[in-house]
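Trainee: One letter stands for each residue in the lines below.
4 protein chains.
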Amino acid sequence: MKIAVIHGSTRINGNTEYLTYQAVPKEKGTHLYLRDYNIKPIIDERHTEEGFTKVDDDLNELIDRVLEHDIFLFSTPIYWYSMSGPMKTFLDRWSQILRDSAYPDFREDLKKKVAYLIAVGGDTPTIKGLPLVQQFNYICQFYSMPFGGYVIGKASRPGDIVHDKRALHQASLLLEKHLQQGE
Amino acid sequence: MKIAVIHGSTRINGNTEYLTYQAVPKEKGTHLYLRDYNIKPIIDERHTEEGFTKVDDDLNELIDRVLEHDIFLFSTPIYWYSMSGPMKTFLDRWSQILRDSAYPDFREDLKKKVAYLIAVGGDTPTIKGLPLVQQFNYICQFYSMPFGGYVIGKASRPGDIVHDKRALHQASLLLEKHLQQGE
Amino acid sequence: MKIAVIHGSTRINGNTEYLTYQAVPKEKGTHLYLRDYNIKPIIDERHTEEGFTKVDDDLNELIDRVLEHDIFLFSTPIYWYSMSGPMKTFLDRWSQILRDSAYPDFREDLKKKVAYLIAVGGDTPTIKGLPLVQQFNYICQFYSMPFGGYVIGKASRPGDIVHDKRALHQASLLLEKHLQQGE
Amino acid sequence: MKIAVIHGSTRINGNTEYLTYQAVPKEKGTHLYLRDYNIKPIIDERHTEEGFTKVDDDLNELIDRVLEHDIFLFSTPIYWYSMSGPMKTFLDRWSQILRDSAYPDFREDLKKKVAYLIAVGGDTPTIKGLPLVQQFNYICQFYSMPFGGYVIGKASRPGDIVHDKRALHQASLLLEKHLQQGE
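So the sequence lines, in the order shown, correspond to chains D, W, U and Y. In this text, residue positions in the first sequence follow UniProt numbering: the first is 1, and each later residue adds one. In this text, residue positions in the second sequence follow UniProt numbering: the first is 1, and each later residue adds one. In this text, residue positions in the third sequence follow UniProt numbering: the first is 1, and each later residue adds one. In this text, residue positions in the fourth sequence follow UniProt numbering: the first is 1, and each later residue adds one.
Some hints here could point you the wrong way.
A pair holds if it fits inside one copy or across any two, identical chains being indistinguishable in the list.
Here are the simulated lysine-lysine pairs, DSS-like style, with alpha carbons at most 25 Å apart [what the hints assert, rightly or not]: (1) K177 - K54; (2) K113 - K165; (3) K26 - K113; (4) K40 - K28; (5) K28 - K111; (6) K177 - K40; (7) K54 - K40; (8) K28 - K165; (9) K28 - K177; (10) K165 - K177; (11) K26 - K54.
If you're looking for bench data, these hints aren't it; they were derived computationally from the structure.
Use the sequences and the hints to build the structure in full.
Mentor: Here it is, written out as structure tokens:
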């Protein structure tokens, strides 16, 4: 099973990344950092006659890369009780991919994937991060993409995450069965 | 009471805007459209020694404009069960404003405001939009800014919103008491 | 369309009932008050060899009465951010009905009904009542019973509900289309 | 730290109990089974002149027993996406305790406790059990009683829980720090 990790953090080597590497070490799976890609915000043209205007950015390259994998791990810091802006911007653009003739099987493809979520926040994240989990679940439902599980970590200052032993252990189990099957 | 409406839609005259004008007609309050502003995504530098790097965009101009008002109405289409990317990008940057020496009283200022939310989605929004409401409530709690209420509308295709009589009526009541007190 | 209103309040003429009568006046539909029925708590025997032991109470009588209708309006005060104990006790016992040979078509029957919810609480119910709405939605999903809508009212002391004009108006619209079609 | 475990299951040795014993073994803490107590449903008399009528059941005995402890672990099967009826009935009656002159310090007492939750369900509980967690958090907030954490297990048929290794491990950590400090 090939694993793609989509990192939504804007900070290198932050708490969210640390926790995520417990789930999928750097040498396992493909680590994609949204901050390395130029992804423009969506302009909603679902209902214009001509459909979406072609956008000159890295979206399609990134989508192509992601779709080569079987398992998607979305990794995001919790900003304002929700996913990070870059992660949101990326996911918003999936509305465009859904209508892009270059991806006629996008929905069908996603049904065969499994999605996971790792989210890290500072303000009681195991409670206040639950709406984010619920939203993520709705996204998976929309695509009929199984939602394999999630881990919520607690950390504010750099390095804090090492103290969240519960989250670290949960993360180490999260994709265990996929890792054992080899990359 | 001066009302600022912060529009998060990327589409002009879409369903979300229509519903929002029921709450605050164009000639009442100040309508600010995020799509008219260049707001860059946050780069999380909360924990770097030098703090946030100055960003060359329209954020401060927009924040200044918003802060001139007493009531904030956030208006967003529901994209993937959450606020729109532009709205998220805007709110993420509040983390930077919180640490910007140009806004020493930002938190104190917000305590005196009242926030409202209008959100419009196509996929059972009165259920699947609830996590968004909960997140919005957490944001208000963070700032100790009263959350005055919300309206969720249902619409997909352009113009659909006129059929959601429940939402239209609710919207017309949402800020009624503030409007009566004059602009 | 025949409407059954299932009242979960333990107090006669309380705020929840008042709001509910805005949706379904006393003379429209069938008003059933759980406090008038002896419904015993479930004893989970789903997995015992003999199945559920027959219980001597009013459950079956009440279920029979409810099933004569097309529309179910569940009306409950919010006790501790959830439905009232009597309402919970009643719904828990549906697990037993599902396995009762006297109701071979229970699930099929429910698919043809439409459920509504009215809930009234004192502590920021339009936020803190949302998990209850989500749970109610899951129940409807389980039975593939359409969830027609909900109204959340705010009231603590007797009579308070008359001040929640938003909820009163919403309630008056909630089942409007069913009432117009006659009882 | 003295630990009281309040078991809301109606089934002896069910999945919920099994998971709970991972958190607090039988010989540690005090295990109280709601099914062994006669707790009557609340009749809401908060607003009657005379206040609540004295109820002849085991509530006060149970409350007294619970209050002798520092840590409360609420353990409930998930029935219809919420706590079990017996657990709900018990918690509803806390409204009466709040107004019982025999417990003048009930609220103050609870502030010094720490609450935990274990919940086990069969239908995607790590998603559909989240509203229950949110409600439980609101209850803790009401009493200003810290919410120490929660574990959600997945199981339907008797014995299923042994396969939820994630939950078993999480449960074993849940009250670890309190157990180490001795009973």
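Trainee: Could you tell me which of the hints above the structure violates, numbers in ascending order?
Mentor: 1, 4, 6 and 11
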